[in-house]
Structure formats: structure tokens, C-alpha cells
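Asks: Work out the full structure, taking the sequences as your base and the hints as a guide.
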Amino acid sequence: MSKRRPRPDEQEYTLLELTAMRKAIGERTLKSKLEKPDFWMSTEIDATALTEVRASLRQTGADVIPSYNDYILKAVGLALRENPRFNAWVAEDGLHVLEHVNVAFAVATEQGVLMPTLMDADTKPMAQIAEETKGMIDMARKGRLRASLQMGAGFSVSNIGPSAVDAFSAIISPPQAGILTVGAIKMRPVVIGSEIVACKTMVCTLTIDHAAADGADGAKFLKDIKRVLESRELLESV
Numbered sequence: 002m003s004k005r006r007p008r009p010d011e012q013e014y015t016l017l018e019l020t021a022m023r024k025a026i027g028e029r030t031l032k033s034k035l036e037k038p039d040f041w042m043s044t045e046i047d048a049t050a051l052t053e054v055r056a057s058l059r060q061t062g063a064d065v066i067p068s069y070n071d072y073i074l075k076a077v078g079l080a081l082r083e084n085p086r087f088n089a090w091v092a093e094d095g096l097h098v099l100e101h102v103n104v105a106f107a108v109a110t111e112q113g114v115l116m117p118t119l120m121d122a123d124t125k126p127m128a129q130i131a132e133e134t135k136g137m138i139d140m141a142r143k144g145r146l147r148a149s150l151q152m153g154a155g156f157s158v159s160n161i162g163p164s165a166v167d168a169f170s171a172i173i174s175p176p177q178a179g180i181l182t183v184g185a186i187k188m189r190p191v192v193i194g195s196e197i198v199a200c201k202t203m204v205c206t207l208t209i210d211h212a213a214a215d216g217a218d219g220a221k222f223l224k225d226i227k228r229v230l231e232s233r234e235l236l237e238s239v
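Following the numbering used here from start to finish, the sequence shown increments by one per residue and tops out at 239.
Simulated from the structure, these hints should not be mistaken for lab results.
Ideal placement from N, C-alpha and C gives every residue a C-beta, glycine not left out.
Errors might be hidden in some of the hints.
With a straight-line Cα cutoff of 25 angstroms, these simulated DSS-like cross-link-like pairs (lysine-lysine) come out [what the hints assert, rightly or not]: (1) Lys24 to Lys34; (2) Lys4 to Lys32; (3) Lys224 to Lys125; (4) Lys221 to Lys125; (5) Lys187 to Lys24; (6) Lys125 to Lys135; (7) Lys187 to Lys224; (8) Lys227 to Lys201; (9) Lys135 to Lys187; (10) Lys221 to Lys201; (11) Lys4 to Lys24; (12) Lys227 to Lys187; (13) Lys227 to Lys125.
Using C-beta positions, here's what the derived DEER-type ranges look like [unchecked claim]: (14) Val166 to Pro190: 15 to 25 angstroms; (15) Arg145 to Ile193: 25 to 35 angstroms; (16) Met140 to Arg59: 23 to 33 angstroms; (17) Lys143 to Thr30: 33 to 43 angstroms.
Replies: Here's what the structure looks like:
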């Protein structure tokens with residue numbers, strides 16, 4: 002007797018059970034999507050100055066060389082100081098604008114994405130930022146990142162790093178007012194004056210809680226981030 006052919010909805014499968022962390026991520030992001038009236042906007046940033054500054058540090062044999070993401074965190078921290086509506090928690094009684102500029106950043110681990118927090122991102126020097134983020138990334142990937150190191154952020158950054166992903170948007174982590182995502186740095190055609198030249202660029206996408214800010218606010222915030230990251234002078238002085 003021939004074996005009954007299974008129905009299309011009776012496919013064979015391998016069960017990957019959801020870990021407690023994956024369930025928590027799902028619950029938190031679902032809450033965000035259900036409750037936050039979010040929207041997003043993007044800008045392309047010339048990464049020439051950023052790559053040149055890091056290359057110069059390598060040539061000088063500097064003891065600490067900040068990552069691209071470290072510079073992005075610093076630029077975001079400085080921009081948050083000038084755009085306080087994004088350095089805030091959205092609550093029922095209004096917008097809680099935070100006194101300190103603390104920025105969370107995404108770290109991919111085998112268990113899921115963790116969000117350690119860089120405290121006082123606007124005031125710390127780059128060498129200190131690099132040392133602190135490196136330590137938290139190491140702890141996160143070893144499963145040793147304390148809960149206290151994932152608290153207190155008013156804003157988040159998610160940088161995809163080297164990859165085939167040009168741009169993406171992310172879900173806001175409640176109760177924060179926004180999150181910035183950063184696509185891969187790649188050579189892309191750019192119009193300079195009347196000529197088309199190849200430059201290293203990256204696409205940054207800002208997701209905003211509309212209860213906290215409007216499109217004009219987001220445009221200024223992105224402009225302030227772009228101003229820092231495209232200026233070699235500013236990058237060398239932070």
C-alpha cells in the first residue's frame with residue numbers, strides 16, 4: 002500500500018525552539034509596532050572623511066582606533082544635544098526629555114540582538130568611547146552583558162556593518178523616541194558640482210515616533226549628524 006502523500010500544509014520541518022531572549026525581542030518589538038505611530042526618512046552620507054580619519058590613526062600607530070560605529074555614536078550624541086526631542090522617552094504624560102545623552106547600540110549575538118548603552122555619548126572623548134564599546138560588545142557576545150548596561154538610553158543606533166545591505170529601517174525600542182540605522186559603507190556614484198564621481202557613502206535611516214517629533218525635526222537631526230560625519234576637522238576634534 003502506497004504511503005499517503007502529505008497535504009501542502011503538512012510539510013516536514015526541524016523545530017528551532019524560541020529562546021527566552023527571542024521571545025522577549027518579539028514581545029518588545031510587537032509592542033512598539035502596535036503602539037508607536039512611527040515613520041522614517043533617509044539620507045546618504047559621504048564617508049570619505051570618516052574613512053580617512055581612521056586610516057590616519059592607523060598610520061600614526063595610535064593605541065586606540067575607534068570603529069566607524071564609535072564615530073557614528075559620537076556624531077549622534079552631539080546631534081542629540083542639539084535636537085533634544087530625540088533624546089527622550091515617550092510617556093502618557095508627555096515627552097520625558099533626558100538630561101544626559103545616552104545612546105544604545107545594537108550588537109548581534111548568537112542569542113539575538115542586545116542593546117548596550119554608551120552613557121554620555123556627547124561628552125566622552127573618542128578613545129574612551131572606543132574602549133567602552135569594545136568592552137560591552139565583548140561582554141554581549143560572551144553572554145556576560147549585565148542588564149544595567151542595557152538601560153538608560155534615550156535613543157538607539159543599529160549599524161549593519163560590512164554587508165550587502167545598502168539601507169534598512171528598524172523598530173523603535175520603547176519608550177525611546179527614535180532609532181538610526183546605518184547601511185554598509187560602499188563606493189557609490191555621487192554628483193559633485195557637474196560631475197559624477199565614485200565616493201564611499203553610507204545610507205542612514207531615521208525611524209521616528211510621530212508622537213515625539215515631526216518630519217522637519219527629523220530632517221534637522223539627520224543634517225546635524227551628516228555635518229559631523231562629513232567633516233574631517235570635526236571628526237578629528239571630537
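Asks: Take the hints in turn and mark each one as holding or not.
Replies: Evaluation of the provided hints:
{"no.": "1", "hint": "Lys24 to Lys34", "verdict": "15 angstroms, holds"}
{"no.": "2", "hint": "Lys4 to Lys32", "verdict": "45 angstroms, violated"}
{"no.": "3", "hint": "Lys224 to Lys125", "verdict": "22 angstroms, holds"}
{"no.": "4", "hint": "Lys221 to Lys125", "verdict": "23 angstroms, holds"}
{"no.": "5", "hint": "Lys187 to Lys24", "verdict": "34 angstroms, violated"}
{"no.": "6", "hint": "Lys125 to Lys135", "verdict": "15 angstroms, holds"}
{"no.": "7", "hint": "Lys187 to Lys224", "verdict": "20 angstroms, holds"}
{"no.": "8", "hint": "Lys227 to Lys201", "verdict": "14 angstroms, holds"}
{"no.": "9", "hint": "Lys135 to Lys187", "verdict": "24 angstroms, holds"}
{"no.": "10", "hint": "Lys221 to Lys201", "verdict": "23 angstroms, holds"}
{"no.": "11", "hint": "Lys4 to Lys24", "verdict": "38 angstroms, violated"}
{"no.": "12", "hint": "Lys227 to Lys187", "verdict": "16 angstroms, holds"}
{"no.": "13", "hint": "Lys227 to Lys125", "verdict": "19 angstroms, holds"}
{"no.": "14", "hint": "Val166 to Pro190: 15 to 25 angstroms", "verdict": "19 angstroms, holds"}
{"no.": "15", "hint": "Arg145 to Ile193: 25 to 35 angstroms", "verdict": "46 angstroms, violated"}
{"no.": "16", "hint": "Met140 to Arg59: 23 to 33 angstroms", "verdict": "26 angstroms, holds"}
{"no.": "17", "hint": "Lys143 to Thr30: 33 to 43 angstroms", "verdict": "24 angstroms, violated"}
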